[in-house]
Amino acid sequence: MSNWVEVGSLEEIPPLGARVVKNGDTDIAVFRNTKNEVFAVNDACPHRQGQLSQGIVHDKSVTCPLHNWKIDLTTGEAMGPDEGCTGHYKTRVEDGKVFLELK
Amino acid sequence: MKEKLVVIGNGMAGMRTVEELLKIAPEKYEITVFGAEPYGNYNRILLSPVLCGDKTIDEIMLNDLQWYADNNITLHKGVKVTAIDRKTCKVTGEDGTCAEYDRLLLATGSDSFIIPVPGHELPGVVGFRDIKNVDSMLTTARTRKRAVVIGGGLLGLEAANGLIKQGMDVTVVHLMDWLMERQMDEVSGEMLKNSLEAQGMKFLMKASTQEILGDGKVEKVKFADGSEIETDMVVMAVGIRPNIELAKQIGLHCERGIVVNDTLQTFDPKIYAIGECVQHRGQCYGLVAPLFEMAKVCANHLAKYGIGIYQGSVTSTKLKVTGIDLFSAGDFMGDETTDDIIVRDATRGIYKKVVVKDDKILGAVLYGDTIDGAWYFQLMREGTSIADIRDQLMFGQAHLGNSGHGGNVVAEMSDDTEICGCNGVCKGDVVNAITTHGLFTLDEVRAHTKASSSCGSCTGLVEQILESTLGSDYESPVAKPMCACTEHNHDYVRQAIKDQKLTRITDVFEKLNWKTEDGCAACRTSLNYYLISSWPKEAYDDPQSRFINERAHANIQKDGTYSVIPRMWGGMTTPKELRAIADVAEKFELDTVHVTGGQRIGLYGVKKHELPLIWKDLNAQGLVSGHAYGKALRTVKTCVGKAWCRFGTQDSTGLGIRLEQMSWGSWMPHKFKMAASGCPRNCAEATIKDFGVVCVDSGYELHIGGNGGIKVRATDLLKRVDTEEEVLEYSAAFIQLYREQARYLERTAPWIERVGFSYVQSSLEDDAQRKELAVRFYESQEVTQSQHDPWAQRATGGVDAHEFVPLKVVAG
Ligand code: SRM
Ligand SMILES: Cc1cc2nc3c(=O)[nH]c(=O)nc-3n(C[C@H](O)[C@H](O)[C@H](O)COP(=O)(O)OP(=O)(O)OC[C@H]3O[C@@H](n4cnc5c(N)ncnc54)[C@H](O)[C@@H]3O)c2cc1C
Ligand code: SF4
Ligand code: FES
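Same order as they appear, the protein sequences are chains A and B. Heads up, the first sequence stops at 103 in this note's numbering, and the numbers go up one at a time, no gaps. Heads up, the second sequence stops at 812 in this note's numbering, and the numbers go up one at a time, no gaps.
One should not assume that every hint holds.
Said to hold, decoys possible - Which bits of chain B does chain A cover? Going by a derived footprint, with three or more residues having C-beta under 8 Å, they are:
hint, segment
1, 190-198
2, 337-348
3, 511-519
None of these hints come from the bench; they were simulated from the model. All C-beta atoms in this analysis are idealised placements derived from N, C-alpha and C, irrespective of residue type, glycine included.
Working from the sequences, and respecting the hints, build out all of it.
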């Protein structure tokens, strides 16, 4: 069952920045890059649950604010030598509105 | 009459032996050299930089033809020896040239191993061994696009790197799971691969080459799994084979190489052998360090001194690809019986692993930061027990259990630490040469000691020794790139920002050809600082290029909450302020109220969305941001001074408050701390601060460059001044010099050690320069928003509101 939810407008997310969507007990970090691509992953780093929404965004990845792991936003996987994955969500932008597919 | 020595092989090992021989017995032999290559003797190692276009063939010549003439050596260049008669003691070359010997030295090196797959003889298949190979690669690169390098070891990667620099599209084919598997473990091999991919190299891993296809020249490579790849050239770099044909032909005992004893003698006592073609105690070597050790011993025996034996070598590896630092030595994989001590920092691209057994180092792999390679290598070879230093081992030699003042890595090294692995030169040798011969440059050190003259990877260490021996007389010529996103170093980038008046990060990316679209967490934060410090009025301060603490004006904690530390000017507070702090702590149910190490109070466990609310309450009672989260002015610590203390000489508290009011809110390369003590008892610990004042009866002592953090450094005494006004001016000027010149994330202590205390002192002693610096600081304090409280801007001013609230709350 797909469950697409509108979470706000693209403009509310700063380019190379992130905002948080609260889904019950889960925080979802929604990112926007310079190409206006939008990504969404659980806001918890696979290392020690650092809030990825607070990290520095570049290309399709984010650097975690706590210990600098780099996370691939397309998959939620840690990059480089580190291992681990945080869940990711499908996203879509239509008419400037951002939609997430919640599970 | 002189005896006759004939040398077969005009390469690095053969000629090093001749050089050593000429040093100790210049008149003993009439020397004849045969060399199959048509040149003098050159530095084969540097073929890699030649392929990259960084060096020319002329630059890598070790001994030109004149050297042979000057030393009365007959050189038959371009002549391959094809026959040796051991009865008549005569060698004959391809072209019929003959020479008789009393002693013969075989130094025939090795050949690239070409995998004998079908098609390996097609034009376009080359090895990577000599000038001819490099020429042919360069020629192909001029007209063709695609290259395949078979072999992801040291040579293969250097070849691939060179071809990329020549503009080719290069794929490296490797049989194993990770690159350089003989020198790297999986993690570092993977990091290496990522860095090389970022430079444009492509990889086919676990691929076994089956056939090379083409009509009259290379067109395709086919693999065991049936896949194919099109190419204009194939470089075979899968290994080397000792060149032992000649020795075998004359019946000398050979296994993998020509078997020699500990004096480098073969089974025929008149014939010696040296270099990559030999096998000693079961080992063949493919690096120059052991060959040079052999050369010393062999020369000694040829000179008939008969002392010294060669007992084999322990080798270490480095890779000569710009921007990549790796080091490996010994048993770096370990097993169940060993411990691995590992440090990794993915963002800075650093990985260090040391394998330890029974408190001894068995091996090490370092990636990204190799400065301690020489040290680990020394501990390993000497079997030093690391029991006492185990805890500090990974921080490196510079942090070894001291609270010493200053110093850098090389300053801590003992004189017998080996610096240049290729030539076996120790630190003491280099220091000696610098002081006795009055050397000033890298080239001079190379010429005198041979340190860093072979593979060049110890160049950085040699420069550091020059630097620490000569002090400020030495200027280091090269600095590392900022990060993998660019080739430029910090100083270059900052200069360009000033010269070209760049005011946005995107302009820097464009003007300086950044390799990545958005940079990374390391370069963006640095660039943002360089922009706003160079152009305080004009630059765009990009919140997305600031670390979260500076973006949110609070310090993120491990659980995602934040801390709030309001400013307490000069460590002073009032009942009203304390009440305000107590009130917010209660109102927002903050778990922890802590008296910090910087004379103020920290509130912990704050939820992000409550930050503006707390700030509002604090602002209402006059409390502002303490910038405990920023690369900025932190605290000015004071003691009560003359106002109360029976020893106080001046108003240290008042002075501290003035210093803090002058400089709060300014952004810096790193955090910046000050202190003012009322007398030399120094209760405010002014001599471990970035800028410290110690009051004395007759005025104020100014101290700079202290640090109480990871590595303690006591300050240097800058000057004694008479008035508070002067203290403020010196402080402003010093801060501005630091702001303008230190690299991002460099505190004053390492900065001063890098540029030299006397440089900083003379910049501040110069009245005109000091005043200009101070004025630039005041101006930047005025125009930036810095003197406005960032908390107030967010609590009531509506700045960055989105930062503190969720985008949306979806019901669970
Ligand atoms: C809060 C405080 C500890 C405390 O509760 O007392 C503290 C807390 C932290 N210090 Fe500190 N340091 C605190 C005083 C110090 C002092 C003592 C001082 O300032 O007199 C030192 C040694 C003096 C010095 O800096 O020379 C100190 C040396 C460090 C260092 C090592 C710096 C260095 O150059 O070696 C770090 C690491 C860094 O900055 O990279 C660090 C880093 C940190 C960080 C920022 C770690 C981090 O990134 O999260 C801690 C933040 C906790 C937080 O959220 O507030 N802290 N830290 C102190 C805040 C003082 C203040 O009022 O602002
Ligand atoms: C591209 C490249 C990069 C390298 N990088 C490094 C490095 O970073 N660090 C390191 O330590 N090592 C490095 N090496 C290895 C190092 O260059 C060799 O270990 C060293 O050159 C071997 O010296 P040698 O004298 O034994 O052999 P060579 O230098 O190969 O000399 C042998 C010479 O003998 C000649 N010869 C052979 N047979 C005959 C004959 N029958 N008659 C006449 N002449 C003959 C050959 O033509 C050749 O000129 C590198 C090698 C290459 C190719
Ligand atoms: S010493 Fe400083 S950095 Fe270390 S835990 Fe304490 S506050 Fe954190
Ligand atoms: S929690 Fe993300 S790197 Fe440690």
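Status of the hints after comparison with the structure:
Look at the segment 190-198 of chain B against chain A: 3 of its residues bring a Cβ nearer than 8 Å to a Cβ of that chain, three or more, so the hint holds. Requiring three or more residues with a Cβ within less than 8 Å of a Cβ of chain A, the coverage given for the segment 337-348 of chain B holds, as 5 such residues are present. Remark: the segment 511-519 of chain B is confirmed as covered by chain A, as 4 of its residues place a Cβ nearer than 8 Å to a Cβ of that chain, reaching the required three.
Comparing the model with each numbered hint stated earlier shows that all of them hold.
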